[in-house]
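Colleague: Line by line, the protein sequences give chains A and B. Each residue of the first sequence is one higher than the last, beginning at 0 in numbering that gives the first Met the number 0. Each residue of the second sequence is one higher than the last, beginning at 0 in numbering that gives the first Met the number 0.
Rather than coming from a laboratory, the hints here were simulated on the basis of the structure. One thing to keep in mind: the hints can contain errors.
[Stated by the list, open to error] Simulated coverage check for chain A against chain B, where a stretch passes if three residues somewhere in it have a Cβ under 8 Å from a Cβ of chain B: (1) 77–83; (2) 97–105; (3) 108–121; (4) 180–186.
[Unchecked claim] Calculated Cβ distances over 12 Å to all of chain A for the following chain B residues: (5) Gly6; (6) Leu14; (7) Asp38; (8) Lys41; (9) Val46; (10) Lys104; (11) Ala121; (12) Leu186; (13) Arg200; (14) Asn206; (15) Leu219; (16) Leu240.
[Claimed, not checked] Distance condition first, Cα-Cα at most 27 Å in a straight line; then the derived DSSO-like pairs of lysine-lysine: (17) Lys107/B <-> Lys66/A; (18) Lys107/B <-> Lys107/A; (19) Lys91/A <-> Lys18/B; (20) Lys100/A <-> Lys124/B; (21) Lys107/A <-> Lys124/B; (22) Lys104/A <-> Lys100/B; (23) Lys7/A <-> Lys18/A; (24) Lys107/A <-> Lys16/B; (25) Lys91/A <-> Lys54/B; (26) Lys104/A <-> Lys104/B; (27) Lys124/A <-> Lys40/A; (28) Lys124/B <-> Lys16/A; (29) Lys117/A <-> Lys66/B; (30) Lys41/B <-> Lys158/B; (31) Lys107/A <-> Lys66/B; (32) Lys54/A <-> Lys16/A; (33) Lys66/B <-> Lys124/B; (34) Lys91/A <-> Lys104/A; (35) Lys117/B <-> Lys66/A; (36) Lys91/B <-> Lys107/A; (37) Lys104/B <-> Lys91/A.
For each residue, glycine too, the CB sits at the ideal point set by N, CA and C.
Protein chains: 2
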Amino acid sequence: MSVKHLGKGSVNPPLEKGKLRLYSMRFCPYAQRVHLVLDAKKIPYDVVNINLTEKPEWLVEKSPLGKVPVIELEDHGTLYESLVICDFLDEKYPERPLHYKDPFKKAKDKIAIEFFNKVISAMYKVHYHSSSSSLSEEHLEEFFGALEYYERELVQRGKPFFGGTRPGMLDYMIWPWCERSDMLKVLGGEQFVLPKERFTRLMEWRNAMRDDEAVLGSYLEPQYHAKYFQSRRAGYPDYDLLLSK
Amino acid sequence: MSVKHLGKGSVNPPLEKGKLRLYSMRFCPYAQRVHLVLDAKKIPYDVVNINLTEKPEWLVEKSPLGKVPVIELEDHGTLYESLVICDFLDEKYPERPLHYKDPFKKAKDKIAIEFFNKVISAMYKVHYHSSSSSLSEEHLEEFFGALEYYERELVQRGKPFFGGTRPGMLDYMIWPWCERSDMLKVLGGEQFVLPKERFTRLMEWRNAMRDDEAVLGSYLEPQYHAKYFQSRRAGYPDYDLLLSK
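Start from the sequences and build out the full structure, keeping to the hints where you can.
Modeller: Okay, here's the thing in C-alpha cells:
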C-alpha cells in the first residue's frame with residue numbers, strides 16, 4: 000500500500016486483467032474504508048495512490064470530482080463515493096457479507112454511519128485547534144458527545160463488535176477515524192485522551208479492532224497520522240512520508 | 000395525504016396493527032421520496048403529517064433529529080433519512096423492485112442520486128432569489144449546468160425513464176424537485192422556464208413521469224408548491240394550505 004503517490008505528468012499504469020483497482024491516498028480515511036472492505040472480503044486489488052495537491056491530468060476521467068477513493072473494474076468503468084463503493088463491494092462479492100441480512104438492522108446501521116459525520120466534523124475541529132489555545136472545552140464536548148452514541152450502541156448490542164462476533168460494515172466505516180483518534184495525544188498531550196470511564200466499551204472495541212486482520216492491512220501508528228496531519232495543516236501534505244520511514 | 004399537520008400539544012394516533020406509518024410534511028420533497036416508493040410498491044401505510052415549526056413533543060422519540068420523513072414499523076421501531084428509508088423499503092418489499100439488480104448499475108444510480116444534491120442546492124438559490132433583482136445569470140447557470148448531467152444520462156440510456164421502461168429508484172429520488180421546477184414560472188415569470196432545446200429528453204421524461212400512477216399519488220400543481228414556498232419564505236410556513244383549498 001505504501002507506493003508513491005502519482006501526480007501531474009504521471010502515467011496511469013495499465014489495468015491488470017480481471018483485477019480491481021483502487022485509486023487511493025495513503026492517509027485518506029474515506030479511502031481507508033474501501034481498503035478495509037476489500038481486505039475483509041479478501042478481494043484481490045491493486046492500489047494507485049494519488050497526489051491530491053498536484054493531481055494527475057488523467058484523474059478526472061476516472062473521478063469527475065477529482066477525489067479519492069475511486070474503484071475501477073475492467074469492462075465496467077469506475078465508481079466513487081466511499082459508501083457507495085463499499086455497499087457495491089458487499090453486494091457484488093457476497094462471501095464474508097458485511098451488512099446485516101435483515102433489512103431493518105442494515106438500515107439502522109446505515110443511519111449510524113450517516114450520524115458518524117457528526118463525530119468526523121467535531122474531531123476535525125478538535126484536531127485543528129489541538130496545538131493552539133483556541134481549543135475549548137466546548138469543542139471536546141461536541142466530539143465526546145457525538146461519540147457517546149456509539150458507546151451506547153455497543154452496550155445495547157452486547158457484542159464485541161457492532162456487527163456481532165465479527166466486525167461488520169458499521170465497524171469498518173467508522174474505524175478510520177477511530178484509528179486516528181490517538182493522534183490527539185500526539186498532537187496535544189494527555190488531556191486529549193478519551194476518558195476511559197465514559198467510553199469503556201468503545202475502548203475494548205478499539206483494542207479488538209486493532210487485532211482484526213483487515214484492519215492490520217492498512218493500520219498506521221498514531222505518530223504517522225500525526226506527522227501527515229501536521230504536514231497538511233502546514234499546507235504541504237507529505238503524501239509519501241512513509242516511503243522515507 | 001392532505002391531513003392536518005400535528006403540532007405542539009397533539010396526541011400521536013395509535014399505530015394500526017400491521018400497517019406501516021409515515022411521518023411526513025405535505026410539502027417536504029424528502030418525505031415525498033418515501034411516498035413515491037410506498038405508492039410505487041403499493042405498500043399499505045398511513046400518514047401522520049407534522050408541523051415542523053411547532054413540533055409535537057413526542058416527535059423526538061420517533062426521530063431524534065426532529066425531522067421528517069420517518070417511518071415506523073410495528074415491533075421494529077423507526078427509521079429516518081429519506082434514502083436509507085427508500086433503500087430499506089426496496090429490500091424489505093421485493094415486489095416491484097426499484098433499484099437495478101446489477102450491483103454496478105445500482106451503484107451508478109446511487110452516485111447520480113448523490114450528485115442531485117448539487118441540483119437541489121442550486122435550485123434553492125434560484126428560488127430564493129426569484130422575486131428579487133439579486134437573481135443572476137450565474138445562479139440559473141449553476142442550476143441548468145447541474146441538471147444537464149441528467150439530460151445526458153437519459154440520452155445515453157436511450158429509454159423513457161432512468162430505470163428503463165418504468166420509473167426506478169433514481170427517477171423517484173429526483174422527482175420531487177422536478178415536480179417543483181415549474182414553481183419558478185409561477186414565482187418569477189417566463190424567463191425561468193427550462194430551455195426546451197437544452198433539456199429535450201428531460202422534458203419528455205417529466206411529462207411521462209407526470210402520468211405515472213405513483214407520482215399521481217402525491218402530485219401537486221406548481222401553484223400550490225409556490226404558495227407554500229412563499230409562506231415559508233415569509234417565515235410562516237402554511238402547512239395546511241391545501242385543507243382550505
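Colleague: Are the hints correct? Go through all of them and say.
Modeller: Hints versus structure:
no. : hint                  : result
1   : 77–83                 : holds (count 4)
2   : 97–105                : holds (count 3)
3   : 108–121               : holds (count 3)
4   : 180–186               : violated (count 0)
5   : Gly6                  : holds (25 Å)
6   : Leu14                 : holds (16 Å)
7   : Asp38                 : holds (19 Å)
8   : Lys41                 : holds (18 Å)
9   : Val46                 : holds (20 Å)
10  : Lys104                : violated (10 Å)
11  : Ala121                : holds (16 Å)
12  : Leu186                : holds (31 Å)
13  : Arg200                : holds (20 Å)
14  : Asn206                : holds (29 Å)
15  : Leu219                : holds (28 Å)
16  : Leu240                : holds (32 Å)
17  : Lys107/B <-> Lys66/A  : holds (16 Å)
18  : Lys107/B <-> Lys107/A : holds (23 Å)
19  : Lys91/A <-> Lys18/B   : violated (33 Å)
20  : Lys100/A <-> Lys124/B : violated (41 Å)
21  : Lys107/A <-> Lys124/B : violated (33 Å)
22  : Lys104/A <-> Lys100/B : holds (21 Å)
23  : Lys7/A <-> Lys18/A    : holds (25 Å)
24  : Lys107/A <-> Lys16/B  : holds (22 Å)
25  : Lys91/A <-> Lys54/B   : violated (42 Å)
26  : Lys104/A <-> Lys104/B : holds (24 Å)
27  : Lys124/A <-> Lys40/A  : violated (33 Å)
28  : Lys124/B <-> Lys16/A  : violated (46 Å)
29  : Lys117/A <-> Lys66/B  : holds (16 Å)
30  : Lys41/B <-> Lys158/B  : holds (24 Å)
31  : Lys107/A <-> Lys66/B  : holds (16 Å)
32  : Lys54/A <-> Lys16/A   : holds (25 Å)
33  : Lys66/B <-> Lys124/B  : holds (22 Å)
34  : Lys91/A <-> Lys104/A  : holds (20 Å)
35  : Lys117/B <-> Lys66/A  : holds (16 Å)
36  : Lys91/B <-> Lys107/A  : holds (13 Å)
37  : Lys104/B <-> Lys91/A  : holds (11 Å)
Consistency note: the structure conflicts with the earlier hints numbered 4, 10, 19, 20, 21, 25, 27 and 28.
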